[in-house]
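**Q** Could you build the full structure based on these sequences and the hints that come with them?
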Amino acid sequence: MASYDDVMSLSVRRGFLWPAADLYGGFAGFYDYGHNGALLRRRWEDLWIETFLGLDENYYLIDSTTILPEAPLKASGHVDHFSDVLVTCTKCGESYRGDHLLESVTHEEHEGLSPEDIDAKVRELRIRCPRCKGELGPSRPFNMMFPLGVGPTGKDRAYLRPETAQGVYLNFKREFEALRRRLPLGLAIVGRAYRNEISPRQGTYRMREFLQAELQIFMDPETFADRVDFASVADVAVRVCWAAEKSKPEAHDLPAKALVERGLPSWYVYHLVQVQRFYLDRLQLPRERFRFAELDERERAFYNRVHFDIQVDQESLGGFKEVGGVHYRTDHDLSGHASMSRENLAVTVDGRKIVPHVLELSFGVDRNVWALLDLDFVKADRSVLRLPPRLAPVAVGVFPLVNKDGLPEKAESVHRELRARFAAFRDESGSIGKRYARMDEIGTPFCVTIDHPTLEGEGVTLRERDTQKQVRVREADVAATLDRLLRGEIRFDTIA
RNA sequence: GCGGCGCUAGUCUAAUGGUAGGACAGAAGCUUCCCAAGCUUCUAACGCGGGUUCGAUUCCCGCGCGCCGCACCA
5 MASYDDVMSL SVRRGFLWPA ADLYGGFAGF YDYGHNGALL RRRWEDLWIE TFLGLDENYY
65 LIDSTTILPE APLKASGHVD HFSDVLVTCT KCGESYRGDH LLESVTHEEH EGLSPEDIDA
125 KVRELRIRCP RCKGELGPSR PFNMMFPLGV GPTGKDRAYL RPETAQGVYL NFKREFEALR
185 RRLPLGLAIV GRAYRNEISP RQGTYRMREF LQAELQIFMD PETFADRVDF ASVADVAVRV
245 CWAAEKSKPE AHDLPAKALV ERGLPSWYVY HLVQVQRFYL DRLQLPRERF RFAELDERER
305 AFYNRVHFDI QVDQESLGGF KEVGGVHYRT DHDLSGHASM SRENLAVTVD GRKIVPHVLE
365 LSFGVDRNVW ALLDLDFVKA DRSVLRLPPR LAPVAVGVFP LVNKDGLPEK AESVHRELRA
425 RFAAFRDESG SIGKRYARMD EIGTPFCVTI DHPTLEGEGV TLRERDTQKQ VRVREADVAA
485 TLDRLLRGEI RFDTIA
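Numbering (this note's numbering) for the first sequence: 5 to 500.
In short, the hints are calculated from the structure, not lab data.
It cannot be assumed that every hint is accurate.
What the hints assert, rightly or not - Simulated crosslink set (PhoX-like; lysine-lysine; CA at most 25 angstroms straight-line):
#1 159 with 78
#2 414 with 357
#3 357 with 177
#4 473 with 383
#5 357 with 252
#6 414 with 438
#7 125 with 137
#8 473 with 414
#9 383 with 438
#10 177 with 159
**A** Put into structure tokens, the structure is as follows:
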């Protein structure tokens, strides 16, 4: 666990991440990744792809444009629902959402009104500023999406995509054909999305440009349960927190089958278990730092029938924070695009014609990277980033014990060989302890040290980050041993 | 977006209306047979712009950025 300042200081000092354009004072809501951060993020993405595309043989990675024309975003509801009309008080400057302002007076729903409608209503109902009773100014639209004018006239309205999911829905029909009309079909995108957040804050937690990793599973809700092996996970304890207790740092361990008994689809719970395994087994988070948080009807989007956030408890962000979500979106997305585009997106499976339903596994990549920097950072007598070995930017450090007697030359040749297979880093400056410390802080799991016995053919020293223990390994075996350690096939304490 | 507080080397900080000192980190050298050791030398900062002033890092204003609260987060 690490404080916010610890995470930022480490990130900046060691090349993980920092504010974009900070040469010019920074750019709120935008972050750049340095050499270690770029590697850490890529390794997280690789692990995510391997894990979630591995859930079924018919799951694939695709890619789509980050700029979308207006029509699909109208169909998805983003143009109408992702925007608000803001009304600002001319006296105290406070801003209000127009629809909320009207609702507080009329106690009716007022979604989708234009600024002109809102202004007319404000005049008609003689609404004044709720805070200072001042006069309200003219309303103006505010959309969370970044608008773009495409082409020389800019008349073709377009937006930076607010989520990667729409790119998948737009390509569903093509992929369904190319992949020979089989369900379930999983299509994933790892890519950038953009939201004009009013108040970006807390490091990479709320950004205006961010990375999403999303898997959209298109399936037949009638038969999907038969496709997943729920029996194999029925007794797995799942960490959940109900909507009513979400503000508290609580979580219950409930067997998967108990969640099904409470009314959740078995295929939905099956995927909760897979997501939890990703965090607990592969990312090695402490169990108590992880939970699924239920969203009640008021909190979740109207088309999400079931919605649990994936949350990780982080000291730097002050508690459990969302890093992803598991959403059952029904056929909302494909039906919306079908009616707007007038394309038939229904498919025939098992002799029935259906519009596929979507189970979405959605992850914020930057939030996940931040969570790792927070949870894996240990600051005691030394600073160690206890990343899972697979995620470490540098897999192995290679050092001469001292800079004389031919040891540097030997280290250079060992490094050259290891570098062909691993992310290997060579260091000759400072004392041996200082070099170990530098590696510890960026999470390098193993170090190889060349000493005098090495020159006599008596092997090298292999040192582990977390225990600081070291063993002697024959020079010819180093690469193979490292490979097995990094794959998790053997544990360090078994090779003594 | 509103309000409050803040902004000094890469990081953490000290001091000051007369242009800044330290620690750690970094570089070079010496030393060093396993965990940030030691010695020498060096690099490196007042967020940006304007105002007041003989002189501003310091006081004032604007902007940027950050943190906290509010609002926002289909």
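**Q** For each hint, tell me whether it holds in the structure or not.
**A** These are the hints, each one checked on the structure:
1. 159 with 78: Since the Cα atoms of residue 159 and residue 78 sit roughly 16 angstroms apart, the hinted pair holds (cutoff 25 angstroms).
2. 414 with 357: Distance ~68 angstroms between residue 414 and residue 357 Cα, so the pair is violated.
3. 357 with 177: 14 angstroms, holds
4. 473 with 383: Holds: residue 473 and residue 383 sit about 19 angstroms apart, inside 25 angstroms.
5. 357 with 252: 45 angstroms, violated
6. 414 with 438: 20 angstroms, holds
7. 125 with 137: Holds. Residue 125 to residue 137 sits at ~17 angstroms (cutoff 25 angstroms).
8. 473 with 414: Holds. Residue 473 to residue 414 sits at ~23 angstroms (cutoff 25 angstroms).
9. 383 with 438: Distance ~16 angstroms between residue 383 and residue 438 Cα, so the pair holds.
10. 177 with 159: Judged against 25 angstroms, a Cα distance of about 28 angstroms means the pair is violated.
Of the numbered hints given earlier, the model fails hints 2, 5 and 10; all others are met.
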